[in-house]
Amino acid sequence: MPWADNENVTAILSAHYPGEEIGNAIVDVLWGKQEPSGRLPYTIPKIESDYGPPIVNLTGVTTDPSTNFTEGQLIDYRHFDAAEIEPLFEFGFGLSYTEFELSHDLDVNIKPHLPASPDRTMGKIPGGWKDLWTEVATVSVEVGNVGELWGSVVPQLYLSFPQDETPSGTPLRVLRGFGKAVLEPGATKKMTFALTRRDVSFWDISQQDWVLPDGTFTFSVGFSSRDFRVERMSRVRTQ
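Position 206 (the sequence shown) corresponds to 206 in this note's numbering; numbering is contiguous.
Careful, some of the hints might be misleading.
Below, a list of computed lysine to any residue pairs in the SDA-like style, where the Cα atoms sit at most 25 Å apart [to be verified]: (1) Lys189 <-> Val29; (2) Lys46 <-> Thr70; (3) Lys130 <-> Glu142; (4) Lys46 <-> Ile75; (5) Lys130 <-> Thr67; (6) Lys111 <-> Arg176; (7) Lys130 <-> Asp214; (8) Lys180 <-> Val27; (9) Lys180 <-> Thr192; (10) Lys111 <-> Thr218; (11) Lys46 <-> Asp227; (12) Lys46 <-> Ala15; (13) Lys130 <-> Asn109; (14) Lys111 <-> Glu231.
Keep in mind that the hints were calculated from the coordinates and are not lab data.
Here the structure is a predicted model, which is why all the values come from computation and not from measurement.
Produce the complete structure using the sequences and hints provided.
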């Protein structure tokens with residue numbers, strides 16, 4: 001998008017892959033009957049090379065194209081964070097016809113003492129140990145519409161693991177929750193995100209199991225992967 005930063009471009013409406021009512025839908029958004037409440041599910045770079053090397057190289061003749069996934073967990077916004085690349089439009093970004101604010105009080109309720117490994121006595125379910133889906137933390141924040149029009153807002157929760165207790169290649173932060181609220185001018189709403197044991201654990205390749213690290217976690221809530229409005233750190237001691 002070499003034209004995106006032109007002074008005459010004040011907004012970009014991306015319709016993606018619409019259906020048969022796209023004409024009516026876009027008109028409703030442009031005239032303010034509906035809000036452009038969507039948020040980017042991927043990062044848009046300033047230049048193509050910011051994405052990194054191609055995942056699959058098909059320049060040669062091949063019958064079995066493959067990839068080694070050398071990027072590990074560092075895909076999309078995680079890659080941009082790790083490489084300290086400023087995107088054109090970041091993951092989770094979106095505009096609105098009104099303005100929103102988050103309260104400065106981020107309420108984090110996490111158990112201070114937790115076993116490092118999931119409780120195997122609870123058995124397994126599709127996806128792994130049942131204990132991985134046990135709720136171990138909640139994060140709450142209040143969002144308010146401080147503008148003059150109604151609108152939709154999507155607060156997003158990102159989690160940073162204790163960097164000295166996690167393996168190399170662990171993302172700087174990971175999305176762990178989001179929710180949409182439709183608010184009239186002056187209205188507020190409390191948003192609560194529930195986190196499971198799996199949400200605060202990493203996969204240990206040596207133990208071949210999920211491990212909850214001992215250390216300080218950082219909880220950040222904002223309106224995109226680069227727009228954080230409130231943050232809090234919590235110490236967790238594993239047993």
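To see whether the hints hold, each was checked on the structure:
no.	hint	in the structure
1	Lys189 <-> Val29	holds (24 Å)
2	Lys46 <-> Thr70	holds (23 Å)
3	Lys130 <-> Glu142	violated (31 Å)
4	Lys46 <-> Ile75	holds (16 Å)
5	Lys130 <-> Thr67	violated (32 Å)
6	Lys111 <-> Arg176	holds (17 Å)
7	Lys130 <-> Asp214	holds (21 Å)
8	Lys180 <-> Val27	holds (22 Å)
9	Lys180 <-> Thr192	holds (11 Å)
10	Lys111 <-> Thr218	holds (14 Å)
11	Lys46 <-> Asp227	holds (17 Å)
12	Lys46 <-> Ala15	holds (20 Å)
13	Lys130 <-> Asn109	holds (22 Å)
14	Lys111 <-> Glu231	holds (18 Å)
Hints 3, 5 from the list above are not met by this structure, while the remaining hints are.
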